[in-house]
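Visitor: One-letter residues, chain by chain:
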Amino acid sequence: MYAVEGLEIRYGKGLAFAASELHIREGECVALLGPNGSGKTTLLKALNGLLRPSAGRLLFRGSPAALSSELRQRSVYLHQMPYILAGTVSYNVCFGSKSRSVARDVAERRAAEAMALLGLSGFERRRHRALSGGEAQRVALARALASGADVLLLDEPTASADSASRDLILGGLERMVREGATIVFSTHDQAIASALAGRVLTLERGEITEDRSTSR
Amino acid sequence: MREAFRLLFGGDAETWGIVTRSLGFSLFSTIFSTLPGIAVGMALASRDFPGRRALAAVVNALTALPTVVIGLLVYSLISRSGPFGSLGFLYVPAGVVAGQSVLAFPIVASLTYAGLSKLDPRFAETLVTLGAGPYARMLATLREAKVVLVAAIVSAFGRVTGEVGVCMMLGGNIRFSTRTMTTAIALDAGKGEFERAISLGLVLLIIALAVNLALHAMTPREA
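The listed protein sequences derive, respectively, from chains U and R. According to numbering that gives the first Met the number 0, the first sequence holds residues 0 to 215 in order. According to numbering that gives the first Met the number 0, the second sequence holds residues 0 to 222 in order.
Read the hints as simulated data drawn from the structure, not as lab findings. Just to be clear, a hint being listed does not mean it is correct.
As a list, the in silico DSSO-like pairs of lysine-lysine whose alpha-carbon atoms are at most 30 Å apart [to be verified]:
1. Lys97/U with Lys117/R
2. Lys97/U with Lys145/R
3. Lys12/U with Lys117/R
Chain U with its partners taken away, still in its complex shape:
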């Protein structure tokens, strides 16, 4: 699904991430481990096409990721501190479906399913300002799931979640893995990486230093 060749991503002159070769298969769940500043967020954003390669190639199903309309339709990147749009939870969760021109009944069904999965039933009319950090993270994930994306690029999806929110988020992700979604997520938690991902990439100073499979 993803193929990386001689990739370099720079912010100005500073090299943020480099990889000579990397492949991610459809339906794979990949965890990115590494200290702050190791390039995890840069890689996730590049996989979503939000960052363009400074050198080399990052292909999604054969097309440059930054230009791929299929990638734009199929993938969602989730910030570590998600941005919740001004409005209700319902507006947020339905936003991706609306902007991808999904039929209204399908969008509403998807939104209801995603909200139920993440313990957000009854939150429909709650305003964005009234959400806690963990609730905002769940709303953002519900928004991603309801958009119909099957390529999820998640930057520390449990970072600001309490234990209850964390369990709900991990439950939702496990289900997505079972359903065959392609998931790449960053985390500092080895246990979450091993429990969820079939493959773990360790990053240090903008490079992949280890690429291993887990027992999952």
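Mind docking chain R on chain U? Use the hints.
Guide: The following block gives chain R in isolation, referenced to the frame of chain U:
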């Protein structure tokens, strides 16, 4: 002072005619400047194109231009020998509205630009990653920044309501036609007839207070 209050609260037709005419001019010029002002402000904030910084600097500089200079500029365009002289806008309400629209436009554009530039960078990324096209992004941005946009419009309305240079130069302060609160104040004070000037000054004061209270109420409070 008593006479000023009598003119205001006794329902003096000419005084209230001036007030409603002034507000009408301001309202129409604000309406006409809103769409292009917001469009230019959004383009400056969201698109990177050659000359963007220079254009932003020009728009910002135009907000500080004295109203008589704007009056002079528009006068040269709509006077009989000007390129738009055939429209017959000089010394009629349409000319005042045109001039005030030119005055209001950079205010709306620069405040929109400034407000949108402060939006969280994650906002734009969130829209893109959720597959929003240009139209959906524009609608979402208008919704996200509605407080900023309304504040820009209210500021422009306040500015044109209180200006005198454009009204005087393009309207000519013609009684029952282009006389506004500010030009009436200038005329009456010049003649030493302060009653109507004071009554209209009170109205302008109330409008200025209302505009500032509205802007204050719209400013998001820190959590």
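Visitor: With reference to the structure, classify each hint as holding or not holding.
Guide: How the hints compare with the structure:
1. Lys97/U with Lys117/R: holds (26 Å)
2. Lys97/U with Lys145/R: holds (20 Å)
3. Lys12/U with Lys117/R: holds (25 Å)
The structure shown violates none of the earlier numbered hints.
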